[in-house]
Every structure is written in structure tokens, then in C-alpha cells.
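Visitor: Sequence:
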Amino acid sequence: MLNLLFSRDQPDAPMGQAITKRNVLSPTVRFSTQDEEPPRYSPHHFDGRDQNLQIPPIVVEDSSDTAERRDSRAELRRSSLYSTIDLVPQLEHYASTIPRHQAKSRPSLEVLRKAFEEKEGGVDGEITLDLSVPQTEGEVPPNPKGKAPIRFGWVVGVMVRCMLNIWGVIMFLRLSWITSQAGVVLTWVIIFMSVVVTTVTALSISAIATNGRVISGGTYFLISRTLGPEIGAPIGMIYSFGNALACALNTIGFSEVVRDLMQDLDVVVVDSINDVRIVGVVTVTILMCITVAGMEWEYKTQMLFLVGLLVSLANFVVGTFLPQSVENQSMGIFGYRSDIFVENLTPSFRGPKGDFFQMFAIFFPAATGILSGANISGDLKDPNTAIPKGTLMAIFFTTLSYLVISVTTGACVVRDASGNMSDMISANSSDGCIGLACKLGWNFTHCIQSQSCQFGLANSVKVMGQISGYYYLITAGIFAASLSSALGFLVSAPKVFQCLCKDQIYPYIIFFAKGYGKNNEPLRAYVLCYLIAVTFIIIAELNTIAALISNFFLCSYSLINFSCFHASIVNSPGWRPSFRYYSKWASLFGAVISVILMFLFTWWAALVTFCIIFSLFGYVNYKKPNMNWGSSVQAGTYNMALSYSVSLTNVDDHVKNFRPQCLVLTGPPNQRPALVDFVGCFTKHASLMICGDIVMEQDRKTRPNNTTDVLVKWLNKRKVRSFYTPFIGDNLRTGAHHLLQASGLGKLKPNTLVLGFKANWRDSAPDTIEDYINTIYDSFDSNYCLCILRMMDGLDVTADLDFQVNDGFEADEPEEPVEHDDQQSNDEDPAADMSDEDNSDQIKTVFQNDQGKKTIDVYWIADDGGLTLLVPYLLTRRKRWRRCKVRVFIVGDEQNEEEGRKEMITLLKRFRLNVNDVIVMTDSEKRPQAKSLTRFVDSVAPFRLYDEQQEGALVQEQRENAPWKISDKELEVFRLKSERKIRLNEIIRKNSHHTALVLVSLPVPHRDCPCALYMAWLDTLTCGLHCPAVLIRGNQQNVLTFYCQ
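Position 53 (the sequence shown) corresponds to 53 in this note's numbering; numbering is contiguous.
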């Protein structure tokens, strides 16, 4: 491997000199950062520049001549004007932009900045870069020891293959009959209608194929990488199966022709049906052997079939110019005559299926087969060029051949003939003669009137053979058409299926993904396709399956066209096809018309096709495979979200549409699952939820780069519909303050801040308590609503997950060891890893349990606009909370207790809230119990100043050193407020001991209230409860209304 050293240690070395050294093992490039000189350029790269400019010397070290040849292009790597390690744009830098494949040769921004910093600081060193170019997904690695893989150009690989698949037995056995039924004019209309559908599809597939590098997988690869795995995988499955069935169909078509020839020669092996089965199995086995032998043998066989088809067509064209024998004339063949052509211009529909659309349905399969070249995209030299050119040229030549055949047969053959040479008209026997043949000396009146004519365009399917120079060359052409199509389908189906298996979207099929040999041949998939074909050949009744095959192909055409249309309409910057001759509206037309044709051809087969697709789609959509191909669906989702978000800014807010859009300060969400689950219960499918993670500045460098992706996956796996937003800040308050201002987009902006309760506030540093309380102040200053959740066992699970905790939130310590069925069992042992392979990091919380018939108690102490009532209502809409009863507690007095209760019930009914009971608290102003007061005093004791017991100078010094402490005067001023909160806690503990959830109106803090005292109030209100408690406060604006407007 090569080591390129840009250095001044080789001043006399010529530009690009290669010095071979041995014992070099590392495929790296070392760029020295010592004494960088201005770049110099060679005159053969930039004409007209200074001849003294030269590129710094390159020292190439190699361990072998083979490696030197393989990596000789590394000598072309040049530094830019800015730095010796800042490389100029190169192809290798962009060869690995697919997921999980990162380019290794371009230095990162960190490396560039580090190099500059070391240079400015006078630090000399070397920057090592990996020059190895990673393998692109789906590419076959080179095999220098063996023979190179077979790769085809656009003529052999695409055009010839598509022509062979388009040309089929319909051209030989049905086109002349369609011409007799529809006439030459309408036949041309049918041909052009079919060609419009296939040409539009070809233009669409050309645009998709030229929008980036195409690897193996053909139709499945193009659709799945454009519309995503949800749409691509079902199409890949049914398209592969349809190709396998088409192989069986074409083989049976060949076998039936062989059986008819055997019967003409009085050769019967068993009987007519079993002879078809025997010949079919033998034929498909021979084709299988050719396929397994490799693409080279398959290519040679297809070329042999092409020669047979071309000779057969040439034989037909030559036969039309030859003089026709009496025998041919008795069969209605008279050569080119204007009167016959004029007669055959107009339609003459006959029989129950004699109408224009039936003729179109019969002919349309003869225009399909345009995807044969794209299906072997992995075996093409340049798929981006070969697929458009080859496909369009194949359509052109096959269409031309169809037009020529319809015109020549319509100009040479009459519709009805008896084949009886005795029907030649003598000199005086033309009386009563009917038909154009009368003018040509033949009287076919009897068979026309009795409808017993066996020859002519309208009666014989062997007209091409009868009119040709040599009949059996047409038979050889039929053989070549059917066998080439069968061989093409036998190759296409496994290659498409192999790509589908490699993506591991469906279970149990990865076995067929393995490839063998220089061309990565899917031998296992070949065997599977062979077995499917043999199975249906043995059944030998494929009339019903034939309708399904046509619908499978039409469905593929529809989705290819829709892929092109969708990729164009979403205006994704990644949609840059080099093929410009397409129209998104033409693609949409092709998609719609393909679906219409599916139902018009065979409606029941179309229904079956869509049922299969929807079933496969449902499975993929349910499993949600971890694949990101940059599909147009993703781009469309972004466009829709952007469009609706912008349009939402023009909509005025209305109280009826208020939703609690929550900014939840969870830290890493997997560390506080209860907080995530609580908010998710009332925001899922209803409103916005953003998990804010404030990352301390000192923790930023130790934070893994993929933390955000891991946490988003954790949220998705927990089925929580939430955004995750990390923010780097110096402390909790600073980060929260910025998140309050910057979170959201337009009207999708949080209006409610959700916090976890700081349970360890007594043991915390004073500045952390101040940050916590100031965060609450900031939320009110920003006109936010506020929720604080407190759990008996705390919110933080870092002890289980072995994480470090943010000081803003710490684990709660229960005051009493209470066991409860709803709490997490001590026997659980959650794992610490954050992988998405299992659910070991998904700790279950009380909010994931079915709450049964418990109660939700709402202590609506202060009128905050109705948020205190709205949140429990939203909770009861969830399945787990649906059976819970809601009780509302209000403050009142004994004299007006019943009146206050009735007024509240009336208000709640007008709000249309399902509240089961209203309880008036008449004893809320009583003095609390002594033990409750003592507990409160003990909780604030460490934060008191005790200034009245000390001298003035000492008190002043303590105030300066500890401004956060509570003075005796402040404690006395807020004494009554403190007692009321202590009393309210006693009432809550008495009435809501075993409820599912308690919601209490949050007291609004006064600006002059000490932080420690306010923290003690929050602690007092919710202490001693064995259920989750929520301190909640609206922003004093209505969120409920009983009006309709």
C-alpha cells in the first residue's frame, strides 16, 4: 500500500517521484505539518502559469508492484491552497456517502482545526489519513487473481435483452389476427397506445436509473431506493414471483408448439397434456443449466436466439415480395394489393370478444418486457447510460417491427379463405360471389356464409408462417421468442430476489442472498426460481395465473412511473437525474393509466394483486426496518411538514384548539422514563412534546457523538412521539432559559414547561436550588404553563442504568418504605446498554400500567385558566386511564358548601368534562397539626439565617456570605402561607392515599420569596404521597371554553 509524505526532506526529488520501499504495512497517508511552503503547480496542469511553480514532492512507499499499480491514482491526490492536509475535491471522497459507509480519505473538521492549532502553536507533527477507498454497497469486490466479471454494454446488455423479451409469440400468432379484427388503422392505434405506456415507463426508469449509481437489483432496487422499503419490498417480492411464473408461461408456450409439431408427425409420448409437461420440464432444466453456467453462456445463448428471430423476421418480409402460389392464394394470400389494404384498413370485429378493448388487452403483453435490461443492472458496465439508451432503442425497433407486420399482413391477406383450391373461379362462375376474393379469381362465398373458413387473417393464427418464404423458419422464430423470454425471466427473477434478500426486510429469505463466482451469481435463487417454474409447468393450467402476471407487471410499471413523479414533485435537492427527457406529469399519467389497465384487463386479478401488495406493505410498515435510503417519501414528508408548519403560522390561536405543547426537561430521556411516559400519556397523537437535555459544558467532550441518535431510537422504541433537543449550557437555568426561547418552530412552539421534582434539595448546593427555582421563575416570565412531577421512588433511574446524573434533578428518597403494586419491582434488572436490539433498557413505569378503576384527584385551588382540569381529561382519553374516575377538590366554607359545589358542577358540565365528583374542602384554613409544622420547620432549618438571635455585624456578614438563607423576618412574613400549604398536604394525604394520580395547583412564587422557602413549599405540598403527584399551573389564560365560537 501507499504512504504519501508531503515534506521538505526531499528537496531535490522530482515531482511525483515514486520510491519503492519494503516492509510498509499500513495503507495510510502522512502529511507533515512542518514549515509549510506555498503550493506550486506543474505547467502541464495549468497552462500559462509560472513555470517555476511545482507541486511538493510525493514519496510513494509500496510493498509490491501489484499494490503500486492499484494505488497509482493516489499520486494524483493534491493538497488545496489552504493546507497540505486539506485535499482538493476528488471522486473517492463521494464514493461512500451511503449509510454505514463513511469516506475515509477526507480529513474531518476536527483534524483540520487541530492541525492549524498545532501549526500556530509551534507544534510539529504528522496527520495520518486513511487512503483506502471503502467498498460501495452492492458492488462486487475486485478479484485480481481470477478473471474479471462479465459486464455488458447498452446494446447487448439492455437493447438486445429487451427486444428478445418484448418479441414474443403474440407477434407471430396474434398480431395478424388482431389486424383482421381491428383493421390496420385501429391496430396502429392499439400499438401506439401500448407504446405510450411503455415509453413513458421507459422515460421514468431512465430518469431514476440516472439519478445516482445503480447496482444490482433492477426494478426492485430502483423503486425501493426511490419510494422506500415499504413500497419497494412488496413490489420486489411480487415482481420476482411474477418473473418466475412468466418463465413457466413462456416455457409452456414453447412446449405446446413442440407438441403440435409432434402431433403433425404422429409422435405422442404419453398424451397431449403430459407431453407438454415433459417437454416443459426438460426445456426449463436446459435453460437452468445455461443460467448456472454463468452470464457469459447466457449471453451467447441469447445472441443465438436473436439471430433466429432476425432470420425469421427477414424470412417473413422476403416472403411478402415473392409470387404467391395457388395454394397460398387458396389460403387468402395474394401479395401486396391496394384493394386488399384498403379493405383491411377498417375494423371487422367478430365473436364475443370482438371489440377494440379486447384487442388492446390481447396485444398489450407484447409491448411489455422493457425492464429486462434494468433487471440485470448489476451486470452492466454503465447502467446509467445503458438503461436509457438500450430500453428506448428496444422500444423503437420492436414498435417498428409491429407496425411493419400489421401493414404487410393487412396488404397481402384477405380476411376469409377456405384453403380449398377448387374454389378458384372459372371464366363463367362468378355469379353470386361474395367478398374481395371474387375480384382476385377466388370464390370463398360458401365458407363465408357458413362461417367455416379456416384460413385468412380472421381465421388462421399461422398467417406469418404461410406468407413467409420458408414456413419452418417462422416456427424457429416462435421457438426463439418463447425460449429467449423464458431464459430472460429465469435470469431476472433471481437477481431481483437476491437484492431483496440482501436488504433483510422479510424474514426467512436471507438464505437466498448469497452470491457465487465473479458475477456474484444468485445460485440459490436460481434453484428457487427453477422449482417454482417446474411446479407451475407440471400444473400446466396457467390461464388464471397469466392474468396475475400481467397485473404484476402493470403494477410495477405504475410504481416506477409514480416513483419518478413523486421524486420530481417533492423538489428534493438529491433528485438530479442526468437523463432530462422526461416529464413528471407524463409519469403521473403512466402511473394512473397502468392502474386503470389493471382493472380493465382483469378486475379480479387487480384486486388480488393489490391485496398481496397491501399485505406485504403492512408487514414492512409494522416492522419498520432500520433502513435509510433517502427516499422521495422522506423528502415528501419534509415538504408536507414544512408546508403545514408555515401555513399554521397564519392561523390565529383559539381557545378551542389549545393543546399543552410541552418542553420536558428530562435530561437524557432514558434516565427519567417516568417523566417521559407521564407527558407522553396526554400529548401522544394530540400535541407537541420536546425532550430537552441540558448538557453541562464540562460533560460535552466526554459525550459520545451518537448520543442523540441513540436517545431518539430509545424514544421510538418506547413508542413516545417526541422530539429530542440537547443544549449545551453552563448550568440548568441557563440551558432551560435558552430552550424556553428557542425551542419549537412557528406555532409548533412549547407553551408548557414540565420538570421533575428536585427531591434531594435539602442536601444540594444552594446554587443548584437557586437554579431550579429560577427556572420556574423564568417559565412564568416567558408566559409558560408549568408542571412538576414527583414520584414516590423518584424519577431518576441512573442507579439502574449506571449513568451520571445532572445536578438539576436527582433521585427521590421516599420518606416511608411503602410497597405498591404500581411501582417498579425490585427484582427488575434493566441492562445498561442502549442498543436497539432488545428492550433491556426499557424500564417499565407506573404510567405504562393499566390504572383500572382508581381515581384521579384534582385539587383546583387557584383558577389558572383550566390547565389543571384539561390535563386529567386528556389522560382519561388514553386506554390505560379510561376507567379512572376524576374527582375535583375545591376550597370553600361550611355555610356555602352546597352552593359552591353546585356552581362547580355546573361549570364542569359546561366544559363537557367527565368529572365524577366534586368535593368542597371546608377545613383548609384550619391550623395544621403540630407534627406537620415541626417537620416543615426542620426542613427549612438548614437554610435559616437566625438573624434575630445574633448581633448586627455578624448578621450582615452572613447575609453577604449566604444571601440565599431565610431570615426570621421573611419566615414570619410567609408564615401564614406556609401553614396553609402544610394544611393542604394533610388534606391531600387524607383523601388521596390510594389514587392513581394527584394534581395540585402550583402556588405562584413571589419575587421576594426566598428560593429555599419556596422549595420547601413544593416539598410540603407533595410529601408523604404513595402515588405520582403533579404540581400544575396554567399561565392565567383560558384553555377551556363552553362556547362554540
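Bear in mind the hints are in silico, worked out from the structure with no lab data behind them. You may find that some hints are simply not true.
Unchecked claim - Calculated pairs, EDC-like style, for lysine to aspartate or glutamate (alpha carbon to alpha carbon, straight line, at most 16 Å): (1) 977 to 917; (2) 926 to 893; (3) 749 to 893; (4) 853 to 917; (5) 902 to 925; (6) 439 to 343; (7) 926 to 968; (8) 965 to 770.
As the list claims (entries may be wrong) - Now the in silico label distances, taken between C-beta atoms and shown as ranges: (9) 449 to 336: 24 to 32 Å; (10) 454 to 425: 16 to 24 Å; (11) 599 to 454: 33 to 41 Å.
Glycine included, C-beta positions come from ideal geometry on N, C-alpha and C.
Visitor: Each of the hints needs a verdict: does it hold here or not?
Guide: For each hint, the structure was consulted:
Distance check on the hinted pair: residue 977 and residue 917 sit about 28 Å apart at the alpha-carbon level, beyond 16 Å; violated. Using a Cα cut-off of 16 Å, the hinted pair residue 926 and residue 893 holds, with the two alpha carbons roughly 11 Å apart. Proximity of residue 749 to residue 893 is assessed by CA-CA distance (about 41 Å); at most 16 Å being required, the pair is judged violated. For the proposed pair residue 853 and residue 917, the alpha carbon gap of about 14 Å is at most 16 Å, so the pair holds.
For the hint pairing residue 902 with residue 925, the CA-to-CA distance comes to about 21 Å; that exceeds 16 Å, so the pair is violated. With a CA separation close to 13 Å, the supplied pair residue 439 and residue 343 stays within the 16 Å bound. For the suggested pair residue 926 and residue 968, the alpha carbons sit about 23 Å apart, so the restraint of at most 16 Å is broken. In summary, the hint linking residue 965 to residue 770 is supported, as the alpha carbons are separated by about 11 Å, within the 16 Å threshold.
Judged by the Cβ atoms, the range 24 to 32 Å given for residue 449 and residue 336 holds: they are separated by roughly 28 Å. Between residue 454 and residue 425, the C-beta spacing of about 19 Å keeps the proposed range 16 to 24 Å intact. Residue 599 and residue 454 have their C-beta atoms about 36 Å apart, which keeps the hinted 33 to 41 Å range intact.
Violated hints, listed in ascending order, are 1, 3, 5, 7; each of the other numbered hints is respected by the structure.
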